[in-house]
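> Each chain is listed here by its residues.
Protein chains: 2
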Amino acid sequence: MRQQVFHRLFETIEKYGYARYDGPILEPAEIYEAKSGQEIADQQLYSLVDRGGRRLALRPEMTPSAARMIAGNAGKLQFPVRWYCNVNCHRYERPQRGRLREHWQINVDVFGSDSPNCEIEIFELIHDMMSALGATKDMWVLRASDRVILESILIDIVGVEREKLAPASSLIDRWAKVPRERLVADAEELGIDDKQFHRLEEVLQSGQDVLGEISPDALSRSNLATVLKGEAKDLVKFDPFIVRGLQYYTGTVFEVFDLHPDNTRSLFGGGRYSDLAGLFTTQRIPGIGFGMGDVTLHDFLSVHGLRPQPGAEVDAAVVPIDDSLMPECRELARRLRQEGVRTSVPIEPRKLGKELVRASQDGARVAVIVGVREWERDVVIVRDLVAQEQVEVPVAEFTQRVKAALQPA
Amino acid sequence: MRQQVFHRLFETIEKYGYARYDGPILEPAEIYEAKSGQEIADQQLYSLVDRGGRRLALRPEMTPSAARMIAGNAGKLQFPVRWYCNVNCHRYERPQRGRLREHWQINVDVFGSDSPNCEIEIFELIHDMMSALGATKDMWVLRASDRVILESILIDIVGVEREKLAPASSLIDRWAKVPRERLVADAEELGIDDKQFHRLEEVLQSGQDVLGEISPDALSRSNLATVLKGEAKDLVKFDPFIVRGLQYYTGTVFEVFDLHPDNTRSLFGGGRYSDLAGLFTTQRIPGIGFGMGDVTLHDFLSVHGLRPQPGAEVDAAVVPIDDSLMPECRELARRLRQEGVRTSVPIEPRKLGKELVRASQDGARVAVIVGVREWERDVVIVRDLVAQEQVEVPVAEFTQRVKAALQPA
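Respectively, the protein sequence lines represent chains A and B.
51 is the number that the numbering used here gives to position 71 of the first sequence; each next residue is one higher, with no gaps.
351 is the number that the numbering used here gives to position 371 of the second sequence; each next residue is one higher, with no gaps.
Just so you know, these hints were derived from the structure itself, not from any lab.
Take these hints with a grain of salt, some might be off.
Restricting the straight-line Cα-Cα distance to at most 20 Å, the calculated cross-link-like pairs of lysine to aspartate or glutamate (EDC-like) are [unchecked claim]: (1) B:K209 <-> A:D302; (2) B:K213 <-> A:E161; (3) A:K213 <-> B:D279; (4) A:K213 <-> B:D94; (5) A:K209 <-> B:D303; (6) B:K209 <-> A:E328.
Derived contacts from chain B toward chain A, CB cut-off under 7 Å, selection only [what the hints assert, rightly or not]: (7) G3; (8) G33; (9) N97; (10) E211; (11) K213.
Owing to the predicted nature of the structure, the values given are computational and were not obtained by experimental measurement.
Idealized CB from N, CA, C, for every residue including glycine.
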């Protein structure tokens, strides 16, 4: 299932010119402790000490590995570069809806550019990827904010002190998750008084209109604000509550939400970082990207009835009437495979009827039946397993006949 | 590179009707300690204790996971089943030619059958996979033996005691790797006297002819002997020195060897097991399979000059004369992608000439150039980046024009 779904996504991503990369699943533990945030480093890391005494961790996310590879190849790369990967990541946490300890993730990034063209491309790509899954626009929404806008709201409009920016951002991140009294109390600890809190509430709840209150300077520094003024504005909905926890985001942050009433959670998200690879190089490498996990995606496809049918393993089966004809069957199967037809032959001797049932269950729509007397006359039987009809066909013509029968009517 | 090569192999495997599966990279450490052999369990396992106190290991191989999945689904599966996977595995060892700590491996198995039809199919599939990589028959050879034959050589012909079968097999496994005096000494410890040792030497060195000396009973129990009598005999060369260390093999064992003089090592191999999933179910599940690793494969392709060229990321690029035309470029790129053309647009504003060089480097063979005055006249320029020729084309016709230019001449 994941293979089929992900394959469609890879095709879509590659249509935009993204190159595929990969990296090791074990990395030095420090690279996560430095950048991935306290929750991951302290509680969710699968770490081990190898026989050489090195502290290693199973990657909980791909970004630090990508940063190391980008930094290591910075001399050879022509920025901006478009990269994507498909990797398995581990986080030690209680398995729950949408979160398992091992998950597969597609990461898509543009490295080496500050331009809002990146945002537009990434947003457009997300729309195409969702379409490739069969999702229509009523099923999901892309919401975004910008750390530049958030900063302007908190400092310029509400009056939060600059050094309290991080905890104040975290307050907004928790807005919908904790009771209002708790927010008020937490805000007070950050020096946000009642009046300021009301102002914050008012601003956040004005949604799109907040942008009218932001300083022109902040607006001009915000890639998201630029996107929202242009042709791509309908791809994304501004939402000041989008914060995202990971510390390396510095600009645009975005999340795709499922709109299904039973499953109104974030499906995936990403953001812009002004300097990804600071741990590995002095060259500033900005970028923007997102990671899309298989678990939440699977839930999304399930609730919307978009899960693909289990794949048919074969198109055709070549079956002998008598086991002594297995060499002939293998020869015919070989010819079909050369023509691109996925073809099976029996492994265990079995009655013809049973073998045809088995072939159908494996997805075969056509069977080639090889009989002793038929083979002597240089013919085989080509049977349409769906229509339940069969014809005798000269061996010289059987591949064409099978391929014709496999064509959609 | 690996993606391209492996993709060709997946296509070949799927033509035989194998279904793809996957499994977790972390498994309980015990499942390797029970079956993978002492060397892996004691020295090569990356293990860790999770926060729940469980001892886990990064899988060093896929077979035990496959066994668990097969056993867990045995009630639902219709045996025999054809399965394959592509997984990353870890072994802690000194990195050296052909061996790295993390490697990717394709595993291919038929589960649930004792029939020699399995051997024939697996051998044929290996031939097809090697062809798919561009390898010709002078580059490699498939050698096989059978534990049944080995047992008959050691017990019936040489006279080794049955309880010394395992160490005597290991002796043969080490035959080419240690000096003769060492073999003689080790043999003596196993109760093999000089005369018996000479007989063993004689038998092993007679190659294919050994089969003439094996008891009819052993021959009839050997799937490999059956294969060597039939139509598929040219797919494989009998070699009594093939032993393979992994303890679960009980019948046919085989290895593919590179024939290049600089790299005459085993590329990959596999074998037959009479009961794979004994640790997980009482149902006997026999089978046969092999694992093909990326590292040795990479070496093989390199020494034979078969490594594929780095892939071109895009087919076409849509480039504006002026950055203000980016929305139009994106719209044209969207139309090309809908037609299946991998298309990039610029991210950073750049001079046209530079952008065309960049597009060529990304693999684009065609550029669509959008100019202000041309756009007003509803035309664009379609430039063949290889032939360095360009024409003005009405926007309504540009997708056809680009697709025509991308056709191989």
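> What are the numbers of the hints that this structure violates, sorted from low to high?
Result: hints 2, 3, 4, 7, 8, 11 break, sorted rising.
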